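**Q** In case you want the letters, here they are:
There are 2 protein chains.
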Amino acid sequence: MPQLRKDPVTREWVIIAKERSRRPSDFKHGEAEESQVSFKADCPFCPGNEEKTPKEVLAYRSRDTQPNTPGWWVRAVPNKFPALAIEGDLDRSGFGMYDMMNGIGAHEVIIETPYHDKTIATVTPQECLEVLWAYRDRHLDLQRDRRFKYILIFRNHGRIAGASLEHPHSQLIALPMIPMEVVHEVEGTERYYEWRDRCIYCDMLRQELSGGERILMENKMFVAFAPYASKYPFEILVMPKDHVQSYVDQSRDELESFAEILQGTLGKLSGALRNPPYNYMFHSAPCNSDRERMFHWHLDIVPRLTIAAGFEMGTGIYINVTAPEDAVKHLKETGSEG
Amino acid sequence: MPQLRKDPVTREWVIIAKERSRRPSDFKHGEAEESQVSFKADCPFCPGNEEKTPKEVLAYRSRDTQPNTPGWWVRAVPNKFPALAIEGDLDRSGFGMYDMMNGIGAHEVIIETPYHDKTIATVTPQECLEVLWAYRDRHLDLQRDRRFKYILIFRNHGRIAGASLEHPHSQLIALPMIPMEVVHEVEGTERYYEWRDRCIYCDMLRQELSGGERILMENKMFVAFAPYASKYPFEILVMPKDHVQSYVDQSRDELESFAEILQGTLGKLSGALRNPPYNYMFHSAPCNSDRERMFHWHLDIVPRLTIAAGFEMGTGIYINVTAPEDAVKHLKETGSEG
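So the sequence lines, in the order shown, correspond to chains A and B. Our numbering applies: residue 1 is where the first sequence begins, and numbers increase by one. Our numbering applies: residue 1 is where the second sequence begins, and numbers increase by one.
Bound-form chain A, shown alone (with noise of 0.2 Å):
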C-alpha cells in the first residue's frame, strides 16, 4: 500500500508509492548531455573570452594576471540577462488589490573552472573547495546589503535540470523579500524550537544516524541522507553535524570537509544514474532579518528523473516512486564515481 509521508519542517505530505514504481534501475536515461572537449572558442565562460560576460565581480586568479582576461580558475560576474536587477530602489506600490515592487536583487554566475568539459563533482578537491569558497565569498558580500533578505546559491546541471549553458557554473539570486516556501520552512524550525527547546534538523540528524538505513555517507562533520518524506526519487540532503545557521558560518577547514561529502554524493548518483540531470539548492538562514536564529543550513540535492504533472502542480504534494531508503540502498551498491 502506497505511504503518505509528513515533512516535519514544512508540515507538506509526500505519497511514497512503489507500487507505482518503475525500479531503481529504469532511471538509467536522459544522461545530461555534457562536452567533450576542454575549451569552445564561442563559450562565453571559456578563458580568453572575458570581455563577453559583464565584468568579474570575484576572480581567484594567478597574481600577475588582469581582471577578466585568462588566469583565472573561479570567476563570478553578474547573470547577462539577470532575473533582477541590482541598482535601484524598491518602491513598493499597490493598484487596486495587487501589490507590486521593483525586481530589485543581485543575480551572478560563479564561473567553476576554467574547463568546458569539467564540473564540480569532477575537479580535483582542492579546486571543488575553491568554488565553494567563491560560493561563500559572494554571499557574504551580498548579504554586507540591507536590502537583501535572502541569498539562494544553486547550480542547474543539464538542459532538463534548466542549464542555458553548457560550461559548469552555478548561480546566486539575492532577493529583497523572504520567500513564502522559506518562510514556512523557518517558521517549521520556530514551531519545533517553541514545542522542544531543540532544533528540528539536529533532531533529525540524531534520528537519521541512530537508524542508519538512509545514510548515504558522512564524515567529520557532514552527513549526506535521503530524506524521510523526500518528494524525488534519489533526493539527498548533505547537513553539517553541528548546528550552523548559514553557509557563510563555515570555516575553510569546514569546507574542506564538505567538499568531500559534495563530490562523493554526486559521485555515487552520476554512478547509479548515468550522469543524471539535476538541480542543489542551498537553503541558508534569511539575512538582515530577525529570522536566522534556528535555522540549520544545509543543501538539497535532486536529481531531474520525473515531470511533475497536474496532480503536484495542483495540490504541492509529490508522488515519489522511489522510497528514500530503497534510493540510499541502490546507490550504495551501484554508485561509484562515474
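Mixed in with the good hints, there may be bad ones.
Straight line, CA to CA, 27 Å or less: simulated DSSO-like cross-link-like pairs of lysine-lysine [as the list claims (entries may be wrong)]:
1. A/Lys149 / B/Lys6
2. A/Lys18 / B/Lys80
3. B/Lys18 / A/Lys52
4. A/Lys18 / B/Lys55
5. B/Lys18 / A/Lys6
Covered stretches of chain A (in silico footprint by chain B; criterion: 3 or more residues with CB under 8 Å from a CB of chain B, positions within the stretch not fixed) [what the hints assert, rightly or not]:
6. 8-14
7. 142-155
8. 202-214
9. 233-245
10. 278-287
11. 312-319
Derived by calculation from the structure, the hints in this document are not laboratory data. Because the structure is a prediction, the values reported are computed rather than measured. By construction, the Cβ of each residue, glycine as well, lies at the ideal position given by its N, Cα and C atoms.
Could you slot chain B onto chain A? The hints should help.
**A** Relative to chain A, chain B alone:
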C-alpha cells in the same frame, strides 16, 4: 526593470522579467504529440479494449450496452497504477519525530471520448459538457466518502506535461487530508475576508473586469483571464462570476457556459502556441471539513513552455518572462482555433 508582483491569495511573489524574455512567438515549439488515427488496437482506452482497464465506476453509454463493453461516450475507471489505494484504514502512526499514514485515497481516470485523436478541446460543445458532467459526477460521489478532505481533478496534455498515455483522459485524485498548498490558499481567502468582509476572488474578478487588459474572454457566467501574478507564461484562470465554492455546486446549464469558455480558451492557447503541452487543475473548496466557506472555485490552465530549475525549486518563486497583459494581447491577436 523586472517587477515583483505579489499573489494576493497565497502571498507568494512572482518575478515578471520581460528583459529576460524570449518574445511570445518564440514559444512556438515543443508541440504536444497527438495521434492522427481515431483508433489504436493496443490502446487500453480505445473502445473494444475495456477489459484492459479496471472495471468502470461510471460510464455514459447507450442504454442497450453492457458495462465494460463499447457503446460509451465518457468512461471513468480506477487508475491501474494508483498513487493511492481506495481500501483500508489510515492507521496514523509515528516513528520518532516522523509521522506517517497509509496512502488511502482514490485515483481515477476519466476517458474523455472513444476517439483516440480528439481532446476535450476539439470535441463538440455537447461532448465537452458530458466530460465536465462526468467530472462533477465522480467528484460528488467521492466526496460522500467522509475519509476524503480534498478532491483534485486535473488534465495532463502531452508528454512534457506528464501524460503517459496518448488517448485523451483526465484524472481525479481524492486525498485524506488538505494539502498544505491548498491550506495556504484557503487561509489567504479567510485572511482577506476577515479584513474586508468580501471574497478575495470576487474582488479580483471585479478589478480584472473593470481594467480588462488581462481578460481573455467572458460569457454570461464565466471569465477567463491571466492572473496578475502569473507564475507561468500564458497561465490562464477560468472562474465563475458568481461566488461558487466548489465545482460540484454548478448546475448543468452553468457547466454549458463553462464548456464554452474552456473550449474557447484551450483553442486560443492551441492556436497561438501551436498545440502546447499543458496541465489544468481544478481548485475547489476542500470537502468534509469546515474550511470551505470562503472558497471560490476556479480552473488553473498552465502551458508547459519553461522548465522549473534550481531557483524555482529553492524558493518557490517563479521567473515569468511574459507579463500576463502581453500574454493576453498575444492570444487575442494570434490565437484562433488550431
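**Q** For the pair supplied as a hint, A/Lys149 and B/Lys6, is the alpha-carbon distance within the 27 Å limit?
**A** Since the Cα atoms of A/Lys149 and B/Lys6 sit roughly 16 Å apart, the hinted pair holds (cutoff 27 Å).
**Q** Take a quick look at whether B/Lys18 and A/Lys52 sit within 27 Å of each other, Cα to Cα.
**A** This hinted pair holds, its Cα atoms lying about 22 Å apart.
**Q** Count the residues of the region 312-319 of chain A with a beta-carbon closer than 8 Å to any beta-carbon of chain B: does the count reach three?
**A** holds (count 6)
**Q** Counting residues of the region 233-245 of chain A that have a beta-carbon nearer than 8 Å to any beta-carbon of chain B, does the count reach 3?
**A** violated (count 0)
**Q** Tell me if the straight-line CA distance from A/Lys18 to B/Lys55 falls inside 27 Å.
**A** holds (23 Å)
**Q** Count residues of the region 278-287 of chain A with a Cβ under 8 Å from any Cβ of chain B, then say if the count reaches three.
**A** Satisfied; 5 residues make the cut.
**Q** Quick check: do three or more residues in the region 8-14 of chain A have a beta carbon closer than 8 Å to a beta carbon of chain B?
**A** holds (count 5)
**Q** Would you check chain B against the region 142-155 of chain A, counting CB to CB pairs closer than 8 Å, and say if three or more residues qualify?
**A** holds (count 4)
**Q** Given the proposed pairing of B/Lys18 with A/Lys6, does the C-alpha separation stay at or below 27 Å?
**A** Violated. B/Lys18 to A/Lys6 sits at ~38 Å, over the 27 Å cutoff.
**Q** Are A/Lys18 and B/Lys80 close enough, with their CA atoms no more than 27 Å apart?
**A** holds (14 Å)
**Q** Examine the region 202-214 of chain A for residues whose CB is less than 8 Å from any CB of chain B, and state whether their number is three or more.
**A** holds (count 3)
Going through the hint list in order, the structure does not satisfy hints 5, 9.
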